[in-house]
Each structure stands twice: as structure tokens, then as C-alpha cells.
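Student: Given next are the chains, with one letter for each unit.
There are 2 protein chains.
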Amino acid sequence: MERIEKSEVDELTTYHALNEQEAIEIARGIEDFFPAGAHLACREIGDGNLNLVFHITDSASGKSLIMKQALPYAKVVGESWPLTLDRARIESEKLMLEGQLAPGLVPVVYKYDPVLSLTVMEDLSDHIIMRQGLINGTKYPLFADHISTFMANTLFYTSDLGMNQQDKKLRVKDFINPELCKITEDLIFDDPYTVSANNNIPPAIEDAAEALRNDSALHLEVAILRDKFLTNAQALLHGDLHTGSIFATPASTKVIDPEFAYFGPMGFDVGALFANLILNYAGQQFWMSDDEARKDFRGYLLESIEDIWTQFDRKFRALWNENGIDRLANSTPGYQDYYMQRLLQDSIGFAGCKIVRRIVGLAHVADIDKIPNDEIREQAQRAALAIGTELIRRNRSAQSIQELIDITETALQR
Amino acid sequence: MERIEKSEVDELTTYHALNEQEAIEIARGIEDFFPAGAHLACREIGDGNLNLVFHITDSASGKSLIMKQALPYAKVVGESWPLTLDRARIESEKLMLEGQLAPGLVPVVYKYDPVLSLTVMEDLSDHIIMRQGLINGTKYPLFADHISTFMANTLFYTSDLGMNQQDKKLRVKDFINPELCKITEDLIFDDPYTVSANNNIPPAIEDAAEALRNDSALHLEVAILRDKFLTNAQALLHGDLHTGSIFATPASTKVIDPEFAYFGPMGFDVGALFANLILNYAGQQFWMSDDEARKDFRGYLLESIEDIWTQFDRKFRALWNENGIDRLANSTPGYQDYYMQRLLQDSIGFAGCKIVRRIVGLAHVADIDKIPNDEIREQAQRAALAIGTELIRRNRSAQSIQELIDITETALQR
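Heads up: the sequence lines are chains V and H, in that order.
Counting from 1, position 404 in the first sequence corresponds to residue 404 in UniProt numbering; the numbering is continuous, with no gaps.
Counting from 1, position 163 in the second sequence corresponds to residue 163 in UniProt numbering; the numbering is continuous, with no gaps.
FYI, nobody ran anything at the bench for these hints, they're computed from the structure.
One or more of the hints may lead you astray.
If several chains are the same, the list does not tell them apart, and a pair holds so long as it fits within one copy or across any two.
Stated by the list, open to error - Listed next, the in silico SDA-like pairs over lysine to any residue satisfying Cα-Cα at most 25 Å (straight line):
hint: 1; residue 1: LYS182; residue 2: PRO333
hint: 2; residue 1: LYS182; residue 2: LEU328
hint: 3; residue 1: LYS315; residue 2: LEU220
hint: 4; residue 1: LYS228; residue 2: LEU319
hint: 5; residue 1: LYS169; residue 2: TRP81
hint: 6; residue 1: LYS139; residue 2: GLU122
hint: 7; residue 1: LYS139; residue 2: ARG298
hint: 8; residue 1: LYS370; residue 2: SER216
hint: 9; residue 1: LYS169; residue 2: ALA74
hint: 10; residue 1: LYS182; residue 2: LYS228
hint: 11; residue 1: LYS139; residue 2: ALA36
hint: 12; residue 1: LYS182; residue 2: LEU301
hint: 13; residue 1: LYS173; residue 2: THR194
hint: 14; residue 1: LYS75; residue 2: ASP58
hint: 15; residue 1: LYS228; residue 2: LYS295
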């Protein structure tokens, strides 16, 4: 057995934020990865708000990996508050589970160190963040297929339809995630509908923000959706499935950053995705200045949404029919249709909430916020709010994905 | 410090089923309870299916207490299967929490011993099990007030309306209760609607049981209710709130045996209570042979149901208005009405499920099963099934508690 120096033991048993040299040492310890004696280079590439992210490369072999270390605080817009390191465990366990349920659609995890809250994983530097790709006008022809598989597999197999119902309860326990859920509960389901220091309201649309605050019929629908987020442990969600949590190339899709994972309503994941495709649709008023090209790209975005839903619905039902474990759910005529329609309605309602918060809430999206032209940006913001609020209002009545598409098209033809 | 013998240490650190002498020794150790040197008598009074129950008395001082020790198995109708001792922790923690939220309405817990899975609590020998009391024709004039307070307080203050929403998530974790939930999921929501060895179908009503198995429209409603039981972590339930879990006198109500506690849909508790009052109503065809007396007692039962709902609804809303912690829930017009109506609908639906399982499922109720007259018993069983299935069918549409009352009256006038 190797002799371990006292100082090394200390390092291994105490959390501390790593420096680049320490990150390199840990990288060397990953078995069968880098060649022995490789000259490793390390760069910290995180934004430093929640995590350190080290990119470690060996130029000789061309091999590389990513190390993500959780920090014990969150910094958002200058403010800092403490945040549990347990989110690193949740993220890493969820990533590994996703890797089993949806192979190839998440980064491979090489190692998880609970003491350092550190996950060592596949480097995806050849991919770009999908939000940026869409802003650039890149189409992802395989994305609908990939992401519908990701959602159908991860949601079905962690629900009472697809996994042992007693094991599921133990998993619910493992993924109790109060601090990260609190962020969603406040920033998505509360702040945008009231006066809150957390809001970030563009001054030009203060009138629209005020209308949001005064629309008590809308608040009722938000309260109903929020109640589902708070109480409905339907499946293990990614919890933050926007286009900034997806690394993509036209040929590949990798879902990252599942630290918001918890057992919640499936529609929250599906809706997050729809919302962010719609936000990009709104932003294209600027990014695609050519009318024909914009029309084409927007058509692509709406087709993607329809495709994602259609494929998700088909794949989810196929898993249910082939691998469903619940006698009553499997044998009761009408239940599957009822279930899928509620899931569609939830997805549409949560999509609406996700859009609204990205316009008046704390954290915005580059698709719209980075538009340099004030007038076009304001148009996009107003259109997004009109779409978001209408989707929220349909959360109990929507009958098909076509409604979401029609609402989006109508709002942006104005 | 006292010297502890080795054998004592062993006893304290290892679970084993207690004998009466050991129970007495533990009773002596309860501080300031029995007088020093008291001559304690002990009798094991449990049915031995799930728990040992020791009744320990000191005739000189008139003081007494109850010790309930969980056994590591369950025996039901001759069969035995292993069952977690963790249910003793759940029961004892839930009892203590109920004692704080609804003082006077549960037995006082003197001690909980996690190693022995033992709860030492108030002796309620001066009360009788309410199911027997109702069979005897006893009225409980304060019961509606008591039980509505119990339900309003325990449910409101463990929901996202009445407790810190992050603390609630940690409590959800503490009360994950897979094994006991599994019993409910199978015996209440599955077996009665299929061919199952767990069923206990009175041969005389095999035709009605067959109709249950073939009614796929009913199965859809059961599947919808079951999904709520599986996924809707609305509040910390008692989980088994029938009249056999209530000790009563005309002046006092004590809810016992919360080992099925978990975070589920509130209507499951409310509905369990309604179901068991209706089962007694059905059984009175025999127990009250005098027409006038029966009419009077049945009137009392239905008034109790109406009273329980009305008072529960009023008390729950008052808690919400005065102590609600959720900004959106507190400030959104219409949300409270929406919430209470869904809760009523859940209660009615779950009441239906609870009635059906007591007629064709594994465990029946004395109110009906102990009727010695075959014809009257069969009438009561058929009436109860008619009521139960109709209540299930109303789980998405019921508008008031009056519907449940009308359904019950109509079925038993036939």
C-alpha cells in the first residue's frame, strides 16, 4: 500500500475550492485516461457564480476532460448567498442515471468525489451551447429525435409507470432538493407576478410588467401550476432543461447541468424546452434580418417543437405499452390518453411560466437580451410575454401542441 | 454514573420482542410516572399481527400506560411477511407532531425507543374504539368538532400553505414510507378491481365483484385517484384514518395508530373517515332493528359527515387566511375556492375507494361483516358497493358534500 502523507489525507477529507494545479493532480488519478507522464494543461472556464469548471487537456494525446466543482455559495447579479454542496451529489447521481437511461445524450461521468463535491466528466468542447447555436441560426436536424428520447426515457423510467413504485419512493428521498427548488419556486412562480427586488424588468415594458402583477385570473393559473411544482412527485426531472443546459452539434445532443433535479411534474422539463425554443423564435426578429431566412428558421423552430412533442408522446407511450410496470395503468382503457393530455397541458402551462420569467424575472436569455436594437428587443419582449401568458391560461384546457404553435405564430405576426 | 451491566447494554442496543417483565422494567424507567416501588401489572393486549401492545397498570395509584412495540413482520389472515421496524419511528414521530398540532386529540407520548421500536404512551382504556361505539349506537356529539380540528390542523400545517416549503421537503424525506404505502396501493387501489388472492369476496355478491372487475370506466377513475396517492405530496397524512383508528367517548376523541403516515393527498384522510361512517350507516340495517331508532341514528351519521366537512372547510380556510405562509396562495382570488373544491372531490373519490375495498378486498369492517343475518348483510354489502362506486365516479365532478349524502340516502332507501 502506498504511504499517504498527512497533508494528502487532509486534502482528501476536507472540502476546499481547488486550484488548477490540484485539479491536474486529480485528473492524473483518473484511471486509464491520460497517458502516464502527460503534460496536462488546465484552465478554469466557469463563470464562478456557482461552480468552478476546470478544462484539462493533454495536447500530445489530444485527450481532455472537464472537472466541475460546486462552490458553497451562489452569486447572481452581484449578490451572494450560501448554497448546499449536496447539489453536486444530486447533479452527479442524476447525470449517471441519465447516462444509463439515455446513453449518449449526456456527458460520461468518469469520477465523482463527494468530499470535494467534484464531478469529472467528458469534455464537450467540440459542442456549443445550443442557445448560442440557435442565435447563430444553426439548425439541429437530429435534436427533436435526441431530446424526445432523453425526456421519454428519463421521465418514464423514474415514474410510477416505469419503475418499481417502492424503489421510486427511495429515489424521491435521495433527490429531495430544497435549496435549488426554492430558486425555481421564487424566481419562476412568484417574483414575476409581484413587486420583488429579484425582478429585472426592462424599463420600456414596465406597463406590461404591471399588467402581469394585476392579472389575478393569470395568478390563479400560476398558483395551480406552482402547486404541481411543489407537490407532484411524478418523475425525476432534469429541473432546468433550457437551451443553455444543452450542448449540441448538428449530429449530437448532450444534456448537462442537472443540479436542479428533483421529483416533480414531467411537464416542467418538457415546457422548459418549448419555452426556450419560443424565446429564440421571438429573438429571431433581430438575429435573422433577412425575411426569407427568418421565416425559414422560425418554421424550423416550430416544426422542432411539434416534432419534439409528437416523438416524445409516441416514445413515452411505446415505453408504457412495452415496459409499463403498473397493472392498473397498463390495463385501463383511456388512462394513457388522459395521462398524456394532462402532461401536454402541464408542458404548455410551464412553458408559459418559463417564458414570462425570462422577460421580467431575474435571469434573462441572450436570445432576447442581447438584441442591440431597443425597438426590436422591446417587440420581442412584448411578444414573448403575450405568448407566455396565453400559454399559462391554456394549462387546464389545451387539447393539442398545435395550440402552442398557433399562439406563437399569431403573437409574432402582429 | 450508574454502573451498567453488560447484559443490560446488550438489551439496550439490540432489538428483540419484549416480554411482559421487560415491559414492566421499561415502564419503571419512565420518569415521574409510576410511584417508586409500585407493584406494576402487565398484560399484552395486542392482536399480535403487527405489534405487541402492553398495558401496564398500578392499581394502587390508578396510573397506567400503553407500550406499543413494532414486530418485524405483518400477519394478515394467516399469512406473514416481513415489515420494516422503521414504521415505529414514523408512527411515533407522527404522533408527537399531531400532539403539537392538535393537542388533546392524540395520546400523549411519554417515550420513544428507536432501538426497541417502542412507543410508550397514554393509556386510553376509558375510551372505546369508535367503530365499536357506532355499532353499539353511541352518538359522539363532539366528534365532528374534534376530528375536523384534527384534520384541519394536521393537514394545513404540514402543507405548502402552512409550513415553510423547504422544511416541508425535509419532512417529506423523513416520512417516505414505502412498505406501508404499498399495502394501501395494493389493497385499496388495485386488488378490488382485478382477480387477486388478496381479495376476500363474500360469495353471495360475486356478481357485484365481477361487475367491479369489468367496469373499465370506473377503473379509469380509480387510476386517477391512485396516481394522486402515488405522487401528490400535499400534506402529512395519518394515512389510515378509519373509525378503528379512533378512540372515543362522547366527550373525547383520540386518533391513534398513524403508522401509515406519509405525504399524500389530504382527501385520503378525509375520505377514509367519510367511508367508515357510511359503512356504519349501511350496517345499521341490522344493528338498529327499530325503524325509528335507525332512522334517527342514520340521520346522526349523515349530519356528522356534513358537519365534519363544513367545519373542516371553515377551519382550514381560517388557518389559511390567518396563518398562510404562501404569498401567491394567500393573495390570489379564487385559488382557495379552487383548492377546497379539489380537496372535496378527492375526499369523495377516496371515500368511494375505501368503501369498495372494505366489501370485496382483504380487510373488512365489523360494522358489516359481523352482521349475523345473511340477507341483511348482503343488502348492506350491495348498498355499500353502490355508494362506493358512485362516489368514485364523482371524484372529478362533485360540487358539494350534499352529493355524498344524497348518494348514501338513495342507495339505502332501495
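Student: Where does the structure disagree with the numbered hints, that is, which hint numbers, in rising order?
Tutor: 8, 11, 12, 13, 14, 15
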